[in-house]
Amino acid sequence: MAENSKQTMNDTYETTGIPLLKDSKLSVRNVDVFYGDKQAIFDVNLDIGKNQVISMIGPSGCGKSTFLRCLNRMNDTIDICNVTGEIKLEDQNIYDRSIDVVELRARVGMVFQKPNPFPKSIYENVAYGARIHGLTDNKLELDELVESSLKRCGLWKEVKERLLEPATGLSGGQQQRLCIARAIAVNPEVILMDEPCSALDPIATATVEELIHELSQNFTICIVTHSMQQAARVSQRTAYFHLGKLIEVNDTSVVFTNPKHQLTEEYITGRIG
Amino acid sequence: MNDDILVGGHISRQFDQELDEIRSRVLKMGGLVEAQLDKTLDALRSGDSSGITDVEKLDRKVNKLEMQIDEECTQILAKRQPAAGDLRMIIATTKSVRDLERIGDEAERVAHMVRHVLDNGAAPKSYSGLLALGEEVKELLHDTLNTYARMETRSAVKNMRKDQDVDDEYARVLMHLIEFMKTDPDHIAGALDVMWAARSLERIGDHCINICENVIYLVEGEDVRHTKLSRIKKQLS
Numbered sequence: 011m012a013e014n015s016k017q018t019m020n021d022t023y024e025t026t027g028i029p030l031l032k033d034s035k036l037s038v039r040n041v042d043v044f045y046g047d048k049q050a051i052f053d054v055n056l057d058i059g060k061n062q063v064i065s066m067i068g069p070s071g072c073g074k075s076t077f078l079r080c081l082n083r084m085n086d087t088i089d090i091c092n093v094t095g096e097i098k099l100e101d102q103n104i105y106d107r108s109i110d111v112v113e114l115r116a117r118v119g120m121v122f123q124k125p126n127p128f129p130k131s132i133y134e135n136v137a138y139g140a141r142i143h144g145l146t147d148n149k150l151e152l153d154e155l156v157e158s159s160l161k162r163c164g165l166w167k168e169v170k171e172r173l174l175e176p177a178t179g180l181s182g183g184q185q186q187r188l189c190i191a192r193a194i195a196v197n198p199e200v201i202l203m204d205e206p207c208s209a210l211d212p213i214a215t216a217t218v219e220e221l222i223h224e225l226s227q228n229f230t231i232c233i234v235t236h237s238m239q240q241a242a243r244v245s246q247r248t249a250y251f252h253l254g255k256l257i258e259v260n261d262t263s264v265v266f267t268n269p270k271h272q273l274t275e276e277y278i279t280g281r282i283g
Numbered sequence: 016m017n018d019d020i021l022v023g024g025h026i027s028r029q030f031d032q033e034l035d036e037i038r039s040r041v042l043k044m045g046g047l048v049e050a051q052l053d054k055t056l057d058a059l060r061s062g063d064s065s066g067i068t069d070v071e072k073l074d075r076k077v078n079k080l081e082m083q084i085d086e087e088c089t090q091i092l093a094k095r096q097p098a099a100g101d102l103r104m105i106i107a108t109t110k111s112v113r114d115l116e117r118i119g120d121e122a123e124r125v126a127h128m129v130r131h132v133l134d135n136g137a138a139p140k141s142y143s144g145l146l147a148l149g150e151e152v153k154e155l156l157h158d159t160l161n162t163y164a165r166m167e168t169r170s171a172v173k174n175m176r177k178d179q180d181v182d183d184e185y186a187r188v189l190m191h192l193i194e195f196m197k198t199d200p201d202h203i204a205g206a207l208d209v210m211w212a213a214r215s216l217e218r219i220g221d222h223c224i225n226i227c228e229n230v231i232y233l234v235e236g237e238d239v240r241h242t243k244l245s246r247i248k249k250q251l252s
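Heads up: the sequence lines are chains A and B, in that order. The first sequence begins at 11 in the working numbering and counts up by one. The second sequence begins at 16 in the working numbering and counts up by one.
It is possible that part of the hints are untrue.
The calculated lysine-lysine pairs, modelled on DSSO-like cross-linking and capped at a C-alpha distance of 27 Å, are [unchecked claim]: (1) A/K270 with B/K153; (2) B/K72 with B/K153; (3) A/K255 with A/K32; (4) A/K130 with A/K60; (5) A/K270 with B/K249; (6) B/K110 with A/K270; (7) B/K110 with B/K248; (8) B/K248 with A/K270; (9) A/K270 with B/K72; (10) A/K270 with B/K243.
Just so you know, the hints here were simulated from the structure itself, not pulled from any lab data. The structure displayed is predicted, hence computed values, not measured ones.
My request is simple: use the sequences and hints to build the entire structure.
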């Protein structure tokens, strides 16, 4: 009988747990990412289920944000960054030449660490994406879209009297929810969140986490977080990255009570960071 | 078992220290409970009830330690939000100290019965059977405390097998007592005392097994309560 039968990492590695699913919204196969000569991500294979929240955790520099940015080709904006392998959004390879990146980013939206509203009014922030993608035919439809997006983010009551005021006048938590409203206004299928609460206080964090939970009814959400407790609270699945390798993917309940890989255990219990 | 993975190796050394202190206190509590049972069996063996006051004194210390360890575990849950192995350690510890405290209570119960029988000057014949049962339980408790100290799942399973022997011995003592009561109805009251004591000893065995199950949960993350021994072996292989 094995005393503590956890797996350890070998040179050739296989992700521990359940990285692949039968039905997936996004499917990642053999993805490597290079910054010039330096490899940042090693042979990642992962499926992300529809209307699921998956969190990516790991020490600083483990590649979790780099990986997240592959999912809507944000890494294209970095000249020396090279992504190989295959990432499919449903049946379409998002790195295919025929893909329109602007359209892709409407389908796979993103929310960043620091709330980054445009220096425009609250209304314009939400209306902007819909306008450039031609999602509405007239002002009335656009008004309705702005209202419904703000309502879904629980922000409507707080801002309905001051829609034309600058978005930068909102509190940090409100700004972040506005950015989420802006992301969902273009009706994406997937929302990527890169440490969305790290600049927020605990109350604003709780509000955003509740929002993530509600949005997961309709959207697939991938969240990178430094807060393990946040990953435990908001996600159904958790992926642990270490030095560019996807070490373990499992149900969040498993990862936080009985992780199967030694490195995951050491990270979760605060032994490596 | 790698000790570091259980209590050591955290980036926060203070956390290591807190977990280490809890573990030391549990072991101390185990030592006190073991002493309670030893002194009770000594009294039974020698027919001298003077050591039973010590059993009562020890019980008060055991109770105090239970509360102290529980409070420390609560503080860790509140302040450290432990996960994975650390979380299992805290859960297993709070459960195990409850079992240890109950072992202490059962030992005290046996001690009171021994005093009662000795003070009445009557020694039922089944004393020797009770003593044999007591010795088996004492060994099981000792092994269980070792299992906890070393965090060994292998010996946890071995102890579970041993508890089945304790149950068999208990059944034998009961059969013997029933026969005794049939043939000597004048001593039914004394025989009932012995019966309750045997029951308490058997319960100590059950609490030992709970602690062994907690060790398996702590080390492997497997909940093996209410599971047959053969299945547990399969689960852990």
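Here is what the structure says about each hint:
no.: 1; hint: A/K270 with B/K153; verdict: violated (36 Å)
no.: 2; hint: B/K72 with B/K153; verdict: holds (19 Å)
no.: 3; hint: A/K255 with A/K32; verdict: holds (22 Å)
no.: 4; hint: A/K130 with A/K60; verdict: violated (33 Å)
no.: 5; hint: A/K270 with B/K249; verdict: holds (18 Å)
no.: 6; hint: B/K110 with A/K270; verdict: holds (24 Å)
no.: 7; hint: B/K110 with B/K248; verdict: holds (22 Å)
no.: 8; hint: B/K248 with A/K270; verdict: holds (19 Å)
no.: 9; hint: A/K270 with B/K72; verdict: violated (45 Å)
no.: 10; hint: A/K270 with B/K243; verdict: holds (24 Å)
Hints 1, 4 and 9, counting from the list given before, are not met by this structure.
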